[in-house]
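J.: Listed below, chain by chain, are the residues.
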Amino acid sequence: MCFHQAVPRDRRSNAINNKELKIGVEMQATAFNILFYFTAAVAVLSSIIMITRYNAVHALLYLIVSSLSMAIIFYLLGAPFAATLEVIIYAGAIMILFVFVVMMLNLGQKAVEQEKLWLQPKVWILPSVLVFALLFVLLGAMQGTGVSQQVNLVSAKQVGITLFGPYLLVVELASFLLLAGLIGAYHIARSPDARAGGTARQHDIDQNVDRVGGNQEQGGQA
Amino acid sequence: MNTVIIDHALLLAAILFCIGLLGVLVRRNIILMLISMEVMLNATGLAFIAAGSYWGQADGQIMFIAVVTLGAAEVAVGLGLTLLLFKRYNSVDVDNLKQLRG
Amino acid sequence: MLNLLWLVPFFPFLGFVLLVSTSGKMPKPWTTMIGAGSIGLAALTTALIAYEFLSQDMTSFQLHLWTWMEAGNFAPGFSLYLDGLALSMLFVITGVGFLIHIYASGYMYDDEDFPRFFTYTNLFVAAMVMLVLADNLVLLFLGWEGVGLCSFLLIGFWYKDPANGLAARKAFVVTRVGDTAFAIGLFLLYKHVGTLDIQEAMIKAKLLWTEDNATASLICALLLGGAVGKSAQLPLQTWLPDAMAGPTPVSALIHAATMVTAGVYLIARNHELFLLSPDMMYAVAVVGVLTLLMSGFTALTQSDLKRVLAYSTISQIGYMFLALGVGAWSSAIFHLMTHAFFKALLFLTAGTIILSLHHEQNIFKMGGLVKRLPLPCILFFIGCLGLIAVPPTSGFWSKEQILNATWESSTGGPLIWLGAVLGAFMTALYTTRMFCIVFLGPSNGDVHEPKGFKFVAPLVVLAFLALVGGVFVETAWQLPLSNVFPGGHAPHPPTVIVVIAIATPFLGIAISYLFYGKRVFSAEKFANSALMKPLKTFFDSGWAMDWFYDLLLVKPYQWLAKINKKDCVNLLPDASSAAAKILHAALSMTQNGQLRLYVGVMGTAALFVIFVVVFL
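Residue numbers (this note's numbering), protein chains in the order written: chain C, 1 to 222; chain G, 1 to 102; chain B, 1 to 616.
Derived by calculation from the structure, the hints in this document are not laboratory data. Treat each hint with caution, since some may be false.
[What the hints assert, rightly or not] Think about it this way: if two alpha-carbon atoms lie no more than 20 Å apart in a straight line, the pair counts; the simulated SDA-like pairs of lysine to any residue are:
1) Lys87/G / Ala189/C
2) Lys87/G / Asn33/C
3) Lys116/C / Ser91/G
4) Lys98/G / Val599/B
5) Lys110/C / Leu83/G
6) Lys87/G / Asn106/C
7) Lys110/C / Asn96/G
8) Lys110/C / Gly56/G
9) Lys98/G / Ala585/B
10) Lys116/C / Leu84/G
11) Lys110/C / Val67/G
12) Lys116/C / Arg28/G
[To be verified] Here are a few chain B residues that sit away from chain C, every Cβ distance over 12 Å (derived from the structure):
13) Leu207
14) Asp304
15) Val461
Even for Gly, the Cβ is constructed at its ideal location relative to N, Cα and C.
Turn these sequences into a full structure, and let the hints guide you.
T.: Quick look at the structure:
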């Protein structure tokens with residue numbers, strides 16, 4: 001990720017020119033930076049808290065915080081469309097899905113006790129070592145510019161034009177993916193009663209699917 | 001104009017990714033694993049957005065849209081599997097899946 | 001016209017391809033048309049070519065079809081070479097082969113594998129014709145192995161009986177011993193002469209070696225090894241009696257008339273090489289005379305009709321080898337032809353008899369068939385006359401030539417002549433015995449004679465040839481062999497020798513008739529006497545050759561296989577499979593369903609890859 005090697009000369013000179021703008025702009029920029037780092041800190045902290053919660057609902061609430069701060073960061077990075085999507089889909093749709101499932105399972109206090117048993121300190125040691133090593137390596141990979149740079153605003157219009165121009169295939173792929181997810185979730189999550197009470201034809205299909213699943217597991221075993 | 005050191009955005013992405021990975025590795029509760037994976041996906045999206053912002057191109061956001069789509073589909077199927085797991089073992093312990101032998 | 005020579009092997013091969021590609025789905029009449037018709041067309045082509053070849057008084061004709069393979073200077077072609085010798089063989093193969101095919105189309109008609117039979121026989125005829133017409137020894141070897149394969153397939157034709165499969169395997173393995181010697185002989189010949197083109201090799205060999213050269217003798221010995229394997233001569237004769245497990249037309253076509261004479265053809269084809277080595281000529285003569293005596297004694301004790309005929313075939317081929325050994329090349333080929341006539345006749349008639357008696361082959365369960373099967377009786381009688389060499393049947397003329405040549409030849413001599421005459425005596429003895437037991441005496445059992453054109457016409461033609469073929473060749477029309485073999489004056493031994501040779505078979509007939517026909521003496525009492533009983537058992541087992549080979553080769557081999565059950569050669573493959581199993585076990589341990597472990601491994605791998613890419 002050696003950006004400085006690939007940056008066109010004129011753009012870098014733009015960035016330098018930008019630094020020589022009015023003081024008012026600089027003040028604004030400073031406020032902008034403060035907001036950026038503050039939000040980043042919120043995101044990191046909420047994520048760390050999230051993965052340590054015993055109660056799934058609490059973890060979800062911290063995920064919402066994390067997602068919202070991410071949306072702010074997206075906005076600050078000049079991607080208002082992505083920020084909107086983040087709020088709508090993550091903080092909205094996906095979160096509702098999670099909450100829905102947690103409510104369906106209705107785990108209660110017993111699950112919290114169980115989590116406490118599971119999350120003993122020794123459990124954290126090995127994964128932490130691995131994760132810190134990975135982080136270290138990732139940081140090593142990012143020999144960045146270290147240069148402050150103007151945020152380029154990419155509007156929703158630009159995104160739309162590109163998306164339905166050269167990236168039309170991505171739209172198609174995404175639609176297929178969502179359709180597959182829809183059918184998969186529909187089939188997997190139906191209650192066993194519905195399966196047993198289904199028509200004979202449906203029963204056959206289920207058996208087939210079960211067999212396919214069994215085969216996959218066999219493949220995994222082999 | 002607003003300026004930002006792009007490295008810091010990427011650094012944030014790396015940190016969030018690692019936190020998510022830590023969550024996946026540590027938690028035995030399959031719901032918490034899925035939540036942690038959402039964080040990882042978010043981090044990936046952030047990296048794309050940051051790069052798109054740096055170049056002033058829309059491609060980054062398009063990749064973000066792809067990632068979001070992936071995340072949505074993954075959560076839908078993953079939660080379906082969670083329900084199935086819970087119905088079978090009356091537990092959300094992902095290690096129960098060890099018993100699924102061919 | 002001569003350029004159409006390629007049609008002779010092509011027609012049978014085409015028949016084979018048609019039959020094998022339809023895999024027996026064709027209606028039976030069509031199968032008959034193709035199976036027998038292809039041989040008929042080949043016979044017709046042979047006749048036309050023979051007419052052209054002989055009327056133009058040609059010495060040889062060569063037809064290069066294409067180059068088979070090429071490696072440096074070694075480029076054997078698919079080339080056909082026609083001369084008098086090949087033409088004579090072609091007559092036998094296509095002519096007698098056609099008659100046998102007609103007979104077989106009746107004999108095998110009710111068999112469920114009728115198309116398979118013709119598939120094999122057509123391939124056989126194609127291979128045999130290739131063998132005979134081959135211009136070089138490599139192509140000859142192709143035909144040689146082709147007929148061996150077909151022999152194997154046809155002996156085991158009724159493969160559902162394990163005994164038949166065993167007989168087929170035995171024939172294949174035993175002939176393979178000879179074939180190996182043959183192949184080594186070819187390598188050696190190529191190493192020294194630098195070519196395997198037969199005519200060229202013969203010329204070069206004559207320039208390269210003087211008489212009694214050790215290398216030439218060695219090559220001759222190896223070729224002789226191949227010949228005795230294919231022609232069932234001592235010491236590789238044990239497979240032929242067992243080969244009678246095949247259908248009777250097969251016995252007539254392959255194991256009497258054509259394939260077993262391939263060894264004779266091989267030696268005759270390479271006679272110039274053998275002329276360089278008088279020692280090997282003598283060896284050929286000795287092999288011939290020992291074989292004919294031995295199988296003569298064995299034939300006297302057999303009780304299976306087809307096995308008697310099989311041993312008589314071995315014995316008659318012994319005569320051909322004797323003729324080759326004493327340098328009477330033309331006589332050998334002459335005897336080959338006449339033998340093909342009367343032995344095919346005998347086998348086919350035996351087939352009719354066996355079919356009439358509901359597949360009964362034991363001669364002691366026959367008897368008195370003269371009244372119930374008059375036509376087969378007459379035909380069989382003619383065949384027997386030919387076999388015994390009663391004048392003026394065709395067998396007489398050819399055997400007479402051989403005996404006379406033996407007396408005079410430098411590689412023959414009185415002792416060998418005596419053996420041959422004794423063999424003729426034995427022939428008369430066992431042939432008369434067989435005829436008397438089968439056709440005379442009290443009759444028992446019911447008879448169901450197969451009737452029809454297919455069962456009679458080929459036999460009548462063959463009987464005619466067996467009767468007058470010899471006279472015809474002797475007086476009116478010489479075999480076109482004078483250009484092929486070195487000429488020599490016709491042998492004229494002392495009159496008393498000739499008379500003895502002619503009279504001996506009659507003595508044999510008389511004695512045998514007294515024993516088995518008139519029953520003046522009791523054959524059973526004689527055979528069961530203290531002196532003769534062990535001898536009879538000994539002869540009956542084919543001079544205990546099977547037992548001997550079993551002891552010498554099969555048992556040690558089985559013992560070796562037993563102690564080496566865990567084949568040491570297999571250690572390496574076994575080790576690799578064991579390693580695969582261990583690795584498999586190790587890998588399958590990683591697939592334990594621990595999702596978090598999977599994630600951890602993926603993370604570690606990512607860590608490793610990024611580390612390598614970025615820092616190294």
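J.: Each hint: holds or not?
T.: Each hint tested on the structure:
| no. | hint | in the structure |
| --- | --- | --- |
| 1 | Lys87/G / Ala189/C | holds, 10 Å |
| 2 | Lys87/G / Asn33/C | violated, 49 Å |
| 3 | Lys116/C / Ser91/G | holds, 15 Å |
| 4 | Lys98/G / Val599/B | holds, 15 Å |
| 5 | Lys110/C / Leu83/G | holds, 18 Å |
| 6 | Lys87/G / Asn106/C | holds, 12 Å |
| 7 | Lys110/C / Asn96/G | holds, 18 Å |
| 8 | Lys110/C / Gly56/G | violated, 51 Å |
| 9 | Lys98/G / Ala585/B | holds, 17 Å |
| 10 | Lys116/C / Leu84/G | violated, 24 Å |
| 11 | Lys110/C / Val67/G | violated, 35 Å |
| 12 | Lys116/C / Arg28/G | holds, 11 Å |
| 13 | Leu207 | holds, 69 Å |
| 14 | Asp304 | holds, 58 Å |
| 15 | Val461 | holds, 68 Å |
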